[in-house]
Amino acid sequence: MNCRRSRRGLAVALAMLLPLTACASEEDIAATEAALERLEEQLLARDEVTWASASYDRSTGFDNPSAITIRGHVRIDDDGLDAWSETFLRETWESAIPRIGRISISLTSDDGTESLREPVVQRDELEERFGPRDEG
Amino acid sequence: MSDGLQVTGGAGGSAARVEDMRTYAEIADRIGDHLDEAARQLGALTVSPPVAATTPLSPVTAARAQGQALLATQQLARSLVRVRAQATLLRTTAKAIAAADAVDTFGQELRTSGSGFLTLWANLGLTVGSAPGTYVGHLGNETIEAARSGLDDGWDAFTDAMRGAPGEAGRRTASDIGSRWSDLLLDRPEVTNAVVDGARTVASLLDKRLLTYPETVQSIIRGGERIGWFADTDSITVQEADLSLLAPDAIDDTVVPTSVADLLRNQQSIQHMALNDADGSRLRIVEVPTATGSSWIVHVPGTQEWDPQAAGNPSDLTTNLHLTGHHDAALLDAIDDALMQAGVGDDPVMMVGHSQGGIAAVTFSTQAESRGYNVTHAVAAGSPLATIDVPAHVEVLAIEHHNDLVPRLDGTHNLDRPNVTTVTADIGGSGTHDGVLDPHSSALYERTAGLLESSHDPSVQHVLASLDGFLTGPGLEKGPAVDSGLITDFEIRRDTR
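Protein chains in written order, with our numbering: chain A, 1 to 136; chain B, 137 to 633.
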C-alpha cells in the first residue's frame with residue numbers, strides 16, 4: 001500500500017465533499033428558475049405592482065435554489081407595505097418553486113417614500129403562517 | 137446569550153480584563169513608589185537639622201511632633217505594603233487568568249477537533265459501508281421503473297431505461313451521500329475543524345515537519361502551481377463603474393449605511409453585480425460626510441469563482457488561498473488602487489467584507505499603514521480570521537454563524553483580543569437550512585447583524601459605539617443612495633498572462 005498516495009487520496013476525497021454537499025442539482029435549478037419567472041409574471045399582473053423581481057441566493061458563490069428573494073415596487077393606497085409583504089410571501093409560498101427553505105422580501109412604495117425589508121423568513125414561520133406546502 | 141449571540145474578545149473580553157489588571161498593577165506600583173518617597177521624606181524631616189534646632193526651644197512639642205511623624209511613617213509603610221501586595225496579587229491573577237484561558241482555549245480546540253475527528257471517521261466509515269447497499273437499492277428501483285416503462289411503451293423504452301439505470305442509480309447515490317454529509321456538517325460543524333486539522337496533518341506528513349495553517353495553504357498553492365493552478369498575477373485593472381448600469385436587484389440593496397446590517401446589504405449589491413460579470417469582480421467605496429471632513433467605507437465581495445485555474449475574476453479560489461496562506465494577493469493591490477482613485481487620503485477608513493471579502497478586508501488593515509491609509513475599523517461576516525495578526529489600533533468586528541463552515545476553515549477560534557470582537561450566532565441546523573453553505577449566506581448575516589443593535593454585551597456595545605464615525609451618514613437607500621454621489625463602484629479585473 002502506497003501511504004503517500006493514500007494520504008493524497010484522502011485529501012482529495014475530503015476536498016470532494018464540498019461540491020458534493022454544496023452543489024444543487026441542475027434539475028432543481030432549472031425548475032426553480034422557470035417557477036421564479038412565472039412568479040414574477042404573476043406578481044406583475046397586479047395593477048399596483050410596477051416592478052417585481054424573484055431570484056434565488058447566490059451570495060455564497062454556490063446556487064441555493066431554496067433561498068428565495070422577492071423584490072417589488074408597489075403603489076400603496078389602503079394597503080400598506082406590510083399587507084403587500086404578506087401577499088408576496090403567500091404567492092411565493094404557493095408557487096411552483098420545487099423547495100422553499102426561506103424567503104427574503106424587499107419592497108418599496110412606488111413614490112419611494114416607504115420601504116420594507118425582511119432579510120429572512122424561515123420555512124417554519126412560513127408553514128405557521130400559510131400552512132404546510134406539498135413539495136412532492 | 138438570551139439573544140442567541142455568543143461574544144468573545146473585544147472591550148469586555150477576557151484579554152481586555154487581563155490587560156486592565158496589568159494596567160491597575162502598574163498604577164498600584166506607581167502609587168507604591170509615591171508612598172515610598174513620601175515615607176522617606178517624612179522620616180528625613182524628623183531628623184533634619186532645622187527641626188532638630190527647634191527641639192531645645194520646645195522639647196515637649198518637638199517630641200510630640202516626632203511621635204506623630206513616626207506614626208505617620210508607620211502608617212505609610214503599612215499602606216505601602218498593602219499597595220505592593222495588591223499590585224502583586226493583580227499581576228499574579230492576570231497571569232493565572234491568561235494561563236487558564238490559554239489552557240481552556242487549548243482544551244476547547246482539542247475537544248472540538250477530537251469530537252469532529254470521531255464524527256468524521258464514523259461517518260466516512262458509514263458512507264463507505266452503506267454506499268454499495270444504497271447503490272443497489274437505487275439500481276433496483278431504476279430496474280422496476282424500466283420494467284414499468286417497458287410494459288407501457290414497449291421493448292425499446294425498457295432497454296433505453298435499463299441502459300441509463302446504472303448512471304441514474306450512481307447519481308442518486310451520490311446525491312444521498314451529499315445530503316447526508318450536508319446535514320452532518322450543518323448539525324456537527326466541528327467536523328469542518330477536523331477536516332482542516334486532517335489536511336494540515338497530511339500536509340505536515342508530506343512536508344516532514346509540523347506546518348502552521350498558513351504554511352499548509354502555502355503547500356497547497358505550491359502543489360497546485362505545478363499543474364498551472366492558483367497562479368495570481370502582479371497586475372490588476374481597477375476602473376470606476378458606471379452606476380447607471382447597476383442591475384435593479386443591485387440598486388435595491390444599495391445603501392448609504394447607518395447600521396451594521398446595512399453594511400451587509402451593500403455586500404449583497406456588489407456580489408450580485410460581480411456574479412453577473414463574466415470575468416471580473418467589484419469593489420464599492422462609500423464616502424460618509426462627517427463634521428470634520430469624510431470617513432470612508434470599503435466593501436469587498438465574497439468568492440464568486442471556484443475554478444482553481446486563475447482567470448480575470450480576482451474574487452476566486454486562488455485569491456482565497458493566497459490570502460489565507462499569507463501571500464500577496466492582487467486583490468489587495470486593487471483595493472489600494474480604488475482607495476487612491478476615490479481620493480481617500482489619510483481620512484479614517486472602515487474595511488467591510490463577507491467571506492473572502494472579510495479576509496481581504498482584515499488583511500488589508502494589516503498593510504494599510506505601509507500603503508499610506510488610515511484603516512481604523514474592519515467588519516467581517518463569515519470569514520476565517522484567526523491567523524491574521526490584526527494591528528492593535530484596528531477595531532475588528534467579526535460576525536460568524538456557529539455552523540457556517542467558512543469561518544472554521546482556519547481550524548481555530550478567533551483570538552480573544554481587546555480590539556477583536558467576535559459575535560457567533562446559532563441559526564439552526566439541518567432542520568432549518570438547505571445545503572451546507574446556506575448558513576454562509578449574506579442575507580442570513582444581514583439578519584444576524586440586525587440583532588447586534590439590541591445586544592447588551594459590553595464588547596458589542598463598545599465596538600458599535602466606535603463605528604459611529606462611519607454609520608452616521610444621511611441613511612439613504614436604493615435609488616436615492618445610488619444618486620447621492622457618495623457611492624463609487626470599481627470593476628476589478630486580473631490581468632491574465
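Note that these hints are calculated values from the structure, not bench results. Only a predicted model underlies this, so the values are computations on that prediction, with no experimental measurement involved. Cβ atoms here follow ideal geometry from the backbone N, Cα and C, with glycine treated the same way. Accuracy of the hints is not assured; some may be wrong.
Label-pair restraints from in silico Cβ distances [what the hints assert, rightly or not]:
hint, chain 1, residue 1, chain 2, residue 2, range
1, A, GLU125, B, ASP156, 40 to 46 Å
2, A, GLU94, B, GLY508, 53 to 59 Å
3, B, SER430, A, ILE29, 39 to 45 Å
4, A, ARG99, B, ASN277, 17 to 23 Å
Okay, the hints, checked on the actual structure:
{"no.": "1", "hint": "A:GLU125 x B:ASP156: 40 to 46 Å", "in the structure": "holds, 43 Å"}
{"no.": "2", "hint": "A:GLU94 x B:GLY508: 53 to 59 Å", "in the structure": "holds, 56 Å"}
{"no.": "3", "hint": "B:SER430 x A:ILE29: 39 to 45 Å", "in the structure": "holds, 43 Å"}
{"no.": "4", "hint": "A:ARG99 x B:ASN277: 17 to 23 Å", "in the structure": "holds, 21 Å"}
When each numbered hint is compared with the structure, no violation occurs for any of them.
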